[in-house]
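Asks: Those protein sequence lines, which keep their order, are chains A and B. The numbering of the first sequence is our numbering, which starts it at 1 and goes up by one. The numbering of the second sequence is our numbering, which starts it at 1 and goes up by one.
Bear in mind the hints are in silico, worked out from the structure with no lab data behind them. It is possible that part of the hints are untrue.
No copy labels: a pair is met if it fits in one copy or bridges any two.
[Said to hold, decoys possible] No farther apart than 30 Å at their CA atoms in a straight line, the calculated lysine-lysine pairs in the BS3-like style are these:
1. Lys213 to Lys19
2. Lys66 to Lys182
3. Lys66 to Lys213
4. Lys234 to Lys182
Quantities reported herein were computed from a predicted structural model and do not represent experimental measurements.
There are 2 protein chains.
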Amino acid sequence: MLSSPELQKCRDFVSSALKQKRVLLVAGNCTVTYEGRASSKLDWGERVILVKSDGAVLVHRKFGHKPVNWQPPNAQFHVSFEEGQLTILAVRQKPPESIKIVFREVAVAMSLNLLDEGEFAMHVTEEQMKRALLFEPSMIEPGLKLIAEEHHLADAGFTDIYAEDGEGRLVVVEIKRVPAGKDAVLQLNRYIETLKKRVNRPVRGILAAPKLKAGAVEPLAKLGLEFKAVSLEKCFQVLKPHTGTRLTEFFNSS
Amino acid sequence: MLSSPELQKCRDFVSSALKQKRVLLVAGNCTVTYEGRASSKLDWGERVILVKSDGAVLVHRKFGHKPVNWQPPNAQFHVSFEEGQLTILAVRQKPPESIKIVFREVAVAMSLNLLDEGEFAMHVTEEQMKRALLFEPSMIEPGLKLIAEEHHLADAGFTDIYAEDGEGRLVVVEIKRVPAGKDAVLQLNRYIETLKKRVNRPVRGILAAPKLKAGAVEPLAKLGLEFKAVSLEKCFQVLKPHTGTRLTEFFNSS
DNA sequence: ACGTCGATCTCGAAC
DNA sequence: GTTCGAGGTCGACGT
Numbered sequence: 001m002l003s004s005p006e007l008q009k010c011r012d013f014v015s016s017a018l019k020q021k022r023v024l025l026v027a028g029n030c031t032v033t034y035e036g037r038a039s040s041k042l043d044w045g046e047r048v049i050l051v052k053s054d055g056a057v058l059v060h061r062k063f064g065h066k067p068v069n070w071q072p073p074n075a076q077f078h079v080s081f082e083e084g085q086l087t088i089l090a091v092r093q094k095p096p097e098s099i100k101i102v103f104r105e106v107a108v109a110m111s112l113n114l115l116d117e118g119e120f121a122m123h124v125t126e127e128q129m130k131r132a133l134l135f136e137p138s139m140i141e142p143g144l145k146l147i148a149e150e151h152h153l154a155d156a157g158f159t160d161i162y163a164e165d166g167e168g169r170l171v172v173v174e175i176k177r178v179p180a181g182k183d184a185v186l187q188l189n190r191y192i193e194t195l196k197k198r199v200n201r202p203v204r205g206i207l208a209a210p211k212l213k214a215g216a217v218e219p220l221a222k223l224g225l226e227f228k229a230v231s232l233e234k235c236f237q238v239l240k241p242h243t244g245t246r247l248t249e250f251f252n253s254s
Numbered sequence: 001m002l003s004s005p006e007l008q009k010c011r012d013f014v015s016s017a018l019k020q021k022r023v024l025l026v027a028g029n030c031t032v033t034y035e036g037r038a039s040s041k042l043d044w045g046e047r048v049i050l051v052k053s054d055g056a057v058l059v060h061r062k063f064g065h066k067p068v069n070w071q072p073p074n075a076q077f078h079v080s081f082e083e084g085q086l087t088i089l090a091v092r093q094k095p096p097e098s099i100k101i102v103f104r105e106v107a108v109a110m111s112l113n114l115l116d117e118g119e120f121a122m123h124v125t126e127e128q129m130k131r132a133l134l135f136e137p138s139m140i141e142p143g144l145k146l147i148a149e150e151h152h153l154a155d156a157g158f159t160d161i162y163a164e165d166g167e168g169r170l171v172v173v174e175i176k177r178v179p180a181g182k183d184a185v186l187q188l189n190r191y192i193e194t195l196k197k198r199v200n201r202p203v204r205g206i207l208a209a210p211k212l213k214a215g216a217v218e219p220l221a222k223l224g225l226e227f228k229a230v231s232l233e234k235c236f237q238v239l240k241p242h243t244g245t246r247l248t249e250f251f252n253s254s
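Go ahead and model the full structure; you've got the sequences and the hints to work with.
Replies: Now the structure itself:
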């Protein structure tokens, strides 16, 4: 970290931080020039500049949620010191864009090696996921008609969603909030096998989850089951407008 | 500025900075919980937090152009220190949202009083493009006579330029600063259709943009509309001599 | 690779 | 206040 450094010294510090792909933070008096899809010029003033490990650049003024200027990840950098000014040039190729930040004074420059393995999760539980799919069965397949949720099968537990497709075939949907593995496939298959013995007609099995694990692809195909990718984000969007609604309103029969 | 401060001391520092409406920068190990229009949870990890003078909050991880969590301007703050952890709670009322940042370690905390009166200017905006075409309608077509800008149509929004061609036909010009797609074609068509019902005479529709996207060629032809390529560079050249001129001087009527 | 669509969109202007 | 449209939109997903 440098406090009120000479700009020449700052140049080396910035270059080094960028080369090491650290997170770089600079506060100082600068101008910013942008050329690309549009073009803009920001006159002298004190701002906070953030350069991230992936080459994203942000220029923040004292006000406003959004950066006044920026560069998306994977920018290439050119740092120079000329005529008493420190210049950081960040360029990207597609689309061709450049942002040039010229400092005449730097208050602070910091380089941070952030350790951050924390998971970020938009919060949707498996229960909420089911609610979303009950409100919008078309997320699984157009034309799907609901029959019941949690259809109980004495010997083999219960299914998540029990429905009928456009051609009148029974459909069993097994929901997983996490990437579905072979165990989920086998669980679904047990439901299907039990059901087939009771209802003398075709039964389809669909696994609905954000992802299908690599090891589950082959068992799924072999058992004649299907997979439908369902994102948690989409479920959350579907749920938002319906937060208080009763589920029972959405069944044809129950 | 504090380096690796005790969190208790950090609490006072943060409170003071927020009270003075300075720009606050904190780097440290934290979790972030968001509740509001959506909800999310971010597990422990090192991030950079920026709080601006207008009460905007940004939480940045080491990767990515956009903040992982944020609060728009005008948030209200509650800072506390409990059980060895520093908590910054930022709340806004409409819509009801809160973001809670809990630190178990702070590497650096800075408060900055940024002096920034510098002007920010976009050079060629869609508005400026329109000004250029109003000054030089011949860029669209020789003999074009202006009638009005932004002609309002109650049901279908408004046009960008409203004019008359050499043969007395009405001309509606829709301006796009970026390559025009199918959406621009349909928007222009809505204007035309609405207009035709009101003025019992021929109406031409011209899309003026730097480019016409491939996917827009066929819809344009099918709807009997036209395209005129207008470069931003040319617009900029046209505008340079006219920077202060009033628009009203350039209309024949109204 | 490109087109379409959602976003805790944000931001500003018009009504 | 609300609504509407633009954005250097950005990003994800489908083709």
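Asks: The structure should be examined with respect to each hint, and the outcome stated for every one.
Replies: Now the hints, each set against the structure:
For the homomeric pair lysine 213 and lysine 19, neither the shortest alpha-carbon distance inside one copy (36 Å) nor that between copies (39 Å) is at most 30 Å. Both within a single protomer and between protomers do lysine 66 and lysine 182 lie at most 30 Å apart by alpha-carbon distance, with minima of 28 Å and 29 Å respectively. Taking the shortest alpha-carbon separations for lysine 66 and lysine 213, both the intra-copy value of 28 Å and the inter-copy value of 29 Å come in at or below 30 Å. For a Cα distance limit of 30 Å, the shortest separation of lysine 234 from lysine 182 qualifies both inside one copy, at 24 Å, and across copies, at 26 Å.
Figure legend: structure checked against the earlier numbered hints; the only hint not met is number 1.
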